[in-house]
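Just so you know, the protein sequences line up as chains A and B, in that order. The numbering used here numbers the first residue of the first sequence as 1141 and each following residue consecutively. The numbering used here numbers the first residue of the second sequence as 43 and each following residue consecutively.
Because the hints were derived from the structure by calculation, they are not lab data. Just so it is clear, CB atoms sit at the ideal spot from N, CA and C, and this is done for glycine as well. Be aware that a few hints might be false.
[Said to hold, decoys possible] Taking CB as the label site, the calculated pair distances span:
#1 R1161/A <-> G364/B: 27 to 35 Å
#2 L61/B <-> P1218/A: 30 to 38 Å
#3 L201/B <-> D1294/A: 26 to 34 Å
#4 L1279/A <-> S315/B: 44 to 52 Å
#5 S1156/A <-> L201/B: 19 to 27 Å
#6 A371/B <-> P1218/A: 52 to 60 Å
#7 W293/B <-> N1236/A: 37 to 45 Å
#8 D1344/A <-> V67/B: 56 to 64 Å
#9 Y347/B <-> D1202/A: 25 to 33 Å
#10 M50/B <-> G1149/A: 36 to 44 Å
#11 R1296/A <-> L61/B: 38 to 46 Å
[As the list claims (entries may be wrong)] Quick partial rundown of chain B residues pointing at chain A, CB under 10 Å, derived from the structure:
#12 R106
#13 Q108
#14 R140
#15 I143
#16 L195
#17 Q332
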Amino acid sequence: MSAVIEIEGLRKTFHSLRNGRRVAVDGFDLLVEAGQVHGFLGPNGSGKTTTLRALLGLVRADSGRMTVLGEPSPELLPRVAGQVGAIVESPQFFGNFTGYRTLRLLARAGGVPVSRVDEALDLVGLRDRGDERVKGYSLGMKQRLAVASALLKDPRLLILDEPANGLDPAGIREMRDLMRSLAANGVTVLVSSHILAEIQLICDHVTIISRGRRVAAGRVDEVLAGHDRHEFLVRVAEPERAVELLHAAELTAVVDGETLVVSGVSDATVVSRVLGEQGLWVGELTPLRPDLESVFLELTGGYEHPSVPRQVDPSGPQGEAVIDLDRGVDA
Amino acid sequence: MSLVRAEMERLSARRFVQLMVVLLVLAFAVTAATTLAGSHKPSASELISAREQAVEARESMEARHQECLARQEGTLPSEPSGYFPADCSEIDPIRQDRLPIAADYLPGVFSFAEQAEPLLYFLIAFLVLFGFLVGASYIGADLNSGGVVNLLLWRPRRLTVLATKLGTLLGTVLVLALLASAFYLATFWVIGQTAGLAGHLDGDFWRSLGAVHGRGLVLVLLASASGFAIATLGRHTSAALGAVAAYAVVWELGGRLVLEIVDARRPDQLMLSSHIAAWLSGETKFFDPQLCLGNSADGYCEGFYSLTWGPALLVLLGLTGGLTAAAFAVFRRRDLI
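Chain A with its partners taken away, still in its complex shape:
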């Protein structure tokens, strides 16, 4: 598959009198191939939006190489801009314009046929509200309008920064269906989001960024598999005795309430055999698969203790291990 977005060694430092020097992105790599629905995850302040802005020529990178649809960005981005639909954070529109007029203005500015406006409004579910002023739109409707603006060009590549912001559950589902439908029609989608369950449902590939660096990348199932501890939830009548038996069989097990969690087991039958041979019959044996949220929190250090307020991603590299499923592990 051909690369639609390539970023290698992207570095961006912001300087300000008040805050001094702050490394926002530090040697970040990203590869999005044609036809992918690629999730781009990271905590607040991890460098997601800066990366997208650099890719789209809105901020100047200190160093690194970027290409979009095969053209170096930002130098030759204008060559392919007509095929790239993008929203970065929540774009602002004129409040006194209607949704239709907003899109018509953008269509004119971009040389897109005005006939596309109705199609884009229809795609995001705003067909019947296009004649209303934007200032009367809810946050979710404004977000739909933003997505419609990105779809106006009939793009080959769609870059969406937090498209689910402000959407209600039905809107999130519609957005998910829309992205699936676009992907089915050959549109490559790069989507950043905090709603990890959504990313897991929509995306086939994912890249996770933390503190300006890539900490994981690859197919979603591979990333999850890479963090599978081979754990099983076991329900038995005598949990304490079961733990002793499993320890005796050189298995790791801990009591968790009325159940056990057994780790490092590749074959579940081992557990039922060890316990069954001693007359302890297993009532439940459930594999504990990691989900994207647990992997994300593990990789980004996002979960510390429920009573400790978590801080946004601090700036600058911290030298943490970088797990790259495509390229191996580097420190």
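Since the structure of chain A is provided, determine the placement of chain B on it from the hints.
Just chain B, lined up with the frame of chain A:
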């Protein structure tokens, strides 16, 4: 071309622009209405009386000039019947900017020939303010709200986008200024014809009015470009307003005071307001007592110096060009976040 059309639509849709146009129309309507209400068509007897008074005034000026010359030559008694300058040419009627005319003796009668220029200055002042504020808010609000970012996602050519915005602004302001001034002058011309006095509207009058109009339009465009450039540099509309306020207080008031304290020569020529006045009027004279220092006791010294439109235009163009070039250079490399 599509970008220009889109930008024109964006500019005309701005509430602030619409508000300023409404204010322009209101100011225009109030001025026209009060002029119309305070003027009447002079009767034949009023006209005859006014003409006679004007002739008398001109004759009186001539007689006074002749008296001044006669006293200098010693052909009249030494007791003066009033103040006479040392140089009689100062009161020579031929050297005066204007001589009394009938319109000066027609109270309550609007004279287009006499009032057109001051009215035009008022319009130019409003249009300069309009251009500066609209220019600043057009780009300032767009930079602040993310509108420029949105546009650059569609047209990722920064200089093209900024140049299109500036060009659209200048073109729109020019068209609006031309239309407003044409309508404005035509309205007062009609008032002069129907409810006042048209006055002496010869070729010189129209040439002079045209020159003021042309220079005024240039000033409006320069103000618009400056507002746009300062707001681009400062990322906010308020940056332009703050810069003008700071300049006025720090330099035009404070700087002028300091220059006077240190007895600097020709302080007015260091002030932007002097160059604006010189550009608009063609030439402006300033008094500076420092110019007379060192003159011999019997030597005559007026203490005046003048700024003319040529150097004034260079200063205004240089300042606006510098600001605009700086705005483009900064915008080309700026991080848009």
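Each hint, compared with the structure:
no., hint, verdict
1, R1161/A <-> G364/B: 27 to 35 Å, "holds, 30 Å"
2, L61/B <-> P1218/A: 30 to 38 Å, "holds, 36 Å"
3, L201/B <-> D1294/A: 26 to 34 Å, "holds, 27 Å"
4, L1279/A <-> S315/B: 44 to 52 Å, "holds, 48 Å"
5, S1156/A <-> L201/B: 19 to 27 Å, "holds, 25 Å"
6, A371/B <-> P1218/A: 52 to 60 Å, "violated, 20 Å"
7, W293/B <-> N1236/A: 37 to 45 Å, "holds, 38 Å"
8, D1344/A <-> V67/B: 56 to 64 Å, "holds, 60 Å"
9, Y347/B <-> D1202/A: 25 to 33 Å, "violated, 54 Å"
10, M50/B <-> G1149/A: 36 to 44 Å, "holds, 42 Å"
11, R1296/A <-> L61/B: 38 to 46 Å, "holds, 42 Å"
12, R106, "violated, 65 Å"
13, Q108, "violated, 70 Å"
14, R140, "violated, 50 Å"
15, I143, "violated, 52 Å"
16, L195, "holds, 5 Å"
17, Q332, "violated, 42 Å"
In summary, the numbered hints that this structure violates are 6, 9, 12, 13, 14, 15 and 17.
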